[in-house]
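S.K.: Chain residues, written in single-letter form:
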Amino acid sequence: MTNTHFVIRTEGLTKVFGKVRALDGLDLTVRQGEVHGFLGPNGSGKSTTIRVLLGLMKATSGHAELFGRDPWQDAPRLHRRLAYVAGDVALWPALTGGQCLDILGATHTMVNKRRRAGLIERFDLDPTKRVRDYSKGNRQKVALIAALAADAELLVLDEPTSGLDPIMEQAFQQCVRDRCQDGVTVLLSSHIMGEVEALADRVSIIRRGRTVTSGTLAALRSRTRSTVHVVTVREPDGLAEAEGVADHHSEWLGGQVGSRFTVDADHLDAVIGCLHTAGIHTLTVTPPSLDALFLRNYEPAPDAVRAAEAAS
Amino acid sequence: MNIGTPGTSTQASGLGIMLRIVGRIQRRSALLWVLVLGASMIGTAAGVASLYDSPAKIHSYAQAVTSGNALLAINGKVEGIDSLGGVIQDEFGFMAALLLPLLGIALVARATRREEESGRLELLLGGRIARHEPTLAALLVATATIAATVALFAAGLAASGVPVAGSVLYAFSLGALAFVFAGLAALLAQLTQHARGVYLGSVLVLAASYVLRGVGDTTRTWVSWLSPLGWAEKAAPFGHQRWWTLAIPVAIGLALGVAALRLAARRDLGSALIRSGAGPQHAAARLRSPIGFAAWIHRPAILGWLAGGVLLAGMMGALAQQLLGAMAGNPALALALGVAHGRPLDGFVAATQLYLAIIAAGYLVQAIGTLRAEEAEGRLETRLSGTLSRTRWLASHTLVVLGGLNMMVLGSSLVLGLATAASVGNMAELGPTLTSGLAYLPAETVLAGLALALYGLRPRWFAIAWAGYAVVTFIAFLGPGLKFGQWVLDISPTTHVGNPPMGTVQPSALTLMGVIALILGAIGFAAFRRRGVPQG
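Taken in sequence, the protein lines are chains A and B. Using UniProt numbering, the letters of the first sequence correspond one by one to residues 1 to 312. Using UniProt numbering, the letters of the second sequence correspond one by one to residues 1 to 536.
None of these hints come from the bench; they were simulated from the model. Wrong hints could be hidden among the right ones.
What the hints assert, rightly or not - Just a sample of chain A residues kept apart from chain B, beta carbon distances all over 10 Å, derived:
no.: 1; residue: 5
no.: 2; residue: 166
no.: 3; residue: 171
no.: 4; residue: 177
no.: 5; residue: 182
no.: 6; residue: 289
no.: 7; residue: 292
As the list claims (entries may be wrong) - Derived DEER-like restraints, expressed as beta-carbon distance ranges:
no.: 8; chain 1: B; residue 1: 284; chain 2: A; residue 2: 295; range: 21 to 29 Å
no.: 9; chain 1: B; residue 1: 485; chain 2: A; residue 2: 80; range: 51 to 59 Å
no.: 10; chain 1: A; residue 1: 27; chain 2: B; residue 2: 458; range: 26 to 34 Å
no.: 11; chain 1: B; residue 1: 254; chain 2: A; residue 2: 166; range: 45 to 53 Å
no.: 12; chain 1: B; residue 1: 32; chain 2: A; residue 2: 194; range: 44 to 52 Å
no.: 13; chain 1: B; residue 1: 28; chain 2: A; residue 2: 12; range: 35 to 43 Å
no.: 14; chain 1: A; residue 1: 151; chain 2: B; residue 2: 395; range: 46 to 54 Å
no.: 15; chain 1: A; residue 1: 166; chain 2: B; residue 2: 395; range: 43 to 51 Å
no.: 16; chain 1: B; residue 1: 395; chain 2: A; residue 2: 194; range: 38 to 46 Å
no.: 17; chain 1: A; residue 1: 269; chain 2: B; residue 2: 119; range: 54 to 62 Å
no.: 18; chain 1: B; residue 1: 458; chain 2: A; residue 2: 166; range: 39 to 47 Å
no.: 19; chain 1: B; residue 1: 485; chain 2: A; residue 2: 63; range: 54 to 62 Å
Beta carbons are placed, not taken as given, at the ideal position from N, Cα and C, and that holds for glycine.
Please work from the sequences and hints to get the whole structure.
M.R.: In structure tokens form, the structure reads like this:
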């Protein structure tokens, strides 16, 4: 079952370490050219999934495909087409950053020298310093520059911005966008919502080694509720009881009515119509943030939440 | 020991907590050190006691080893050698000079600069631990370990029939030796930036101590008093019993320790006197190839062990003529050296080659252990995420390690051959010396194969490779002198080489060992391809 359309595809992936089930039936598909956000809390199996995909670990059961091939069998050949930034960047303390870049680059197919120089400047890295004298953020930069300078088709980034300051995070996001313009596919593992929201086309959220939800950000958002904050001239008629509306609060604000509520995507149009008849003064509709999506998937009793949603 | 018991941690002082932490980190290695040292000492004592069971035999041994300077330089000048304790001190002299300082160095370096370098110390100093307390805890735990070793030594010696006072003084003198080097390591840990620097500096001091003690003993001058090894020797536990000499190493060890504590209390975390500067912006072409990079990783180990081998070979070679003269005058010496039959010069070369083989085998185990560190510290994962395959990575390292082995064997054999030839004035010795060194290659690679197999199967089991090395070392150093049973000698691959150039080499035995090494290596490669990376 080879499909070149999918750069990464896993089905029912499991990995057992002794008594611990690190992966428990994980499904993940990454399409060519997309930035795929891979979300999950610490210890949910993100790094283990990536190690299986890189052929560093063998899955206990299930199916994993990288560029349509088995990563365990073909690791070095498949690695020609990708660049990887490990979650915990470890380099040789006695070498300089520049030497590490070249050594890492030597195991990539092609390193774009101009891009390498540009990235060093952009990330403000001193390549003559020894790795042992670098801060954690600077070590991270070395790994990022090595990966971004490689002419790879796929970037596998495991929590790539840990240790970077906000300015460098911005630079990183811009660099990833530049690479995407060249058609590069990105698997971005993270637990920083803002970063994934800023970069990802699609996301997969995992929990305890299992995929909880997956899809485009738009589709995931449409499954959750937008928050509406509106000030109307008159009290909107029957808003609190309208279909799809929940968490409704309203108050008089000196001759006007302020209302807050949440609404699901299917009923947004009807509700806005209702507000319109009441005479809109100001209106803010906030789409659900990734944070909300994520937290919703990690609430203590997801079944109860789902039941409540179904009821409303 | 339990670190985080809530009930006790609220009352414990910073030092108490630190002691428990260091104790918990060190307990396995400390226990291993005490057991290995105790076993070697008791093994030596029991062996000597059964072999030299009459005053006449002890007397002839004493006559043998005191005739000429060669053995004085190697084992030290033992006062009161004409006694059971004296013979033990002489037999154990070389091992003691190496192992006891290493005990102090290793215990302290592990708990101080290595922890600081890794950033773990920062975590602790963020808590209720004062800046000097980790160093103090490391020194106290090291001292406790040394004390346990001393107790075991004294008990073992006394049980073998050595007079109690002499046993206790001898054990204390060795413990004080370890203590000096523990203090030295604690001080170096404040000055150098990396644990490697602590080891390097301490071992250099140890080498200087060995040379000074050797010079002092052979010239019979005060120079021995400049060396910590000399202080231990001058205690003369089986001669004049100078108890006061114990005060020298204890005072100096304490002074070094106090200096280390004061520096630790004053300096910034992570700071060091000796730092490295900026380096090149690009990696040289050879570093970019897998073999070149493997060579870079193994270079320090290769150079260090090569220096040790060449030094020993040069020293032994230079003393060849003297030793031969001594053996001609006293057949008992030849017996003590394990050179019972045949040409004395061949026996001398054979004994030295065995020592050199032990050095080469130690290099192999350490070099392959480096691979485990690469994996444990997460660098292997990065290394294998590119186009480099596991097999090529491991093959590059194996090639470099074996290349280093050949350099070491050829280099030290050549130096031994040349120095011996120069000493006895006959260049004909060069050829046989070289070939006898090469004959040990298959036996050495058996240990490399064992280390590779363990690394491939389960890196956590790597300690077994070191245990195997300890067994081989023990058998090789003490087996011939103490007349172990043949089945014990047969455990070590070095026995099967046939003791060239004195004994004849069985090509079939060498082939068999080569095949065993190949099989073990193949197991390592196959298992490494199949297992997950990283794996503990």
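S.K.: Now look at each hint and say whether the structure bears it out.
M.R.: Against the structure, the hints come out as follows:
no., hint, in the structure
1, 5, "holds (24 Å)"
2, 166, "holds (23 Å)"
3, 171, "holds (20 Å)"
4, 177, "holds (23 Å)"
5, 182, "holds (20 Å)"
6, 289, "holds (33 Å)"
7, 292, "holds (34 Å)"
8, B:284 <-> A:295: 21 to 29 Å, "violated (51 Å)"
9, B:485 <-> A:80: 51 to 59 Å, "holds (58 Å)"
10, A:27 <-> B:458: 26 to 34 Å, "holds (31 Å)"
11, B:254 <-> A:166: 45 to 53 Å, "holds (51 Å)"
12, B:32 <-> A:194: 44 to 52 Å, "holds (50 Å)"
13, B:28 <-> A:12: 35 to 43 Å, "holds (40 Å)"
14, A:151 <-> B:395: 46 to 54 Å, "violated (27 Å)"
15, A:166 <-> B:395: 43 to 51 Å, "holds (44 Å)"
16, B:395 <-> A:194: 38 to 46 Å, "holds (45 Å)"
17, A:269 <-> B:119: 54 to 62 Å, "holds (56 Å)"
18, B:458 <-> A:166: 39 to 47 Å, "holds (43 Å)"
19, B:485 <-> A:63: 54 to 62 Å, "holds (58 Å)"
Taken one by one, the earlier hints fail for this structure at numbers 8 and 14, listed in ascending order.
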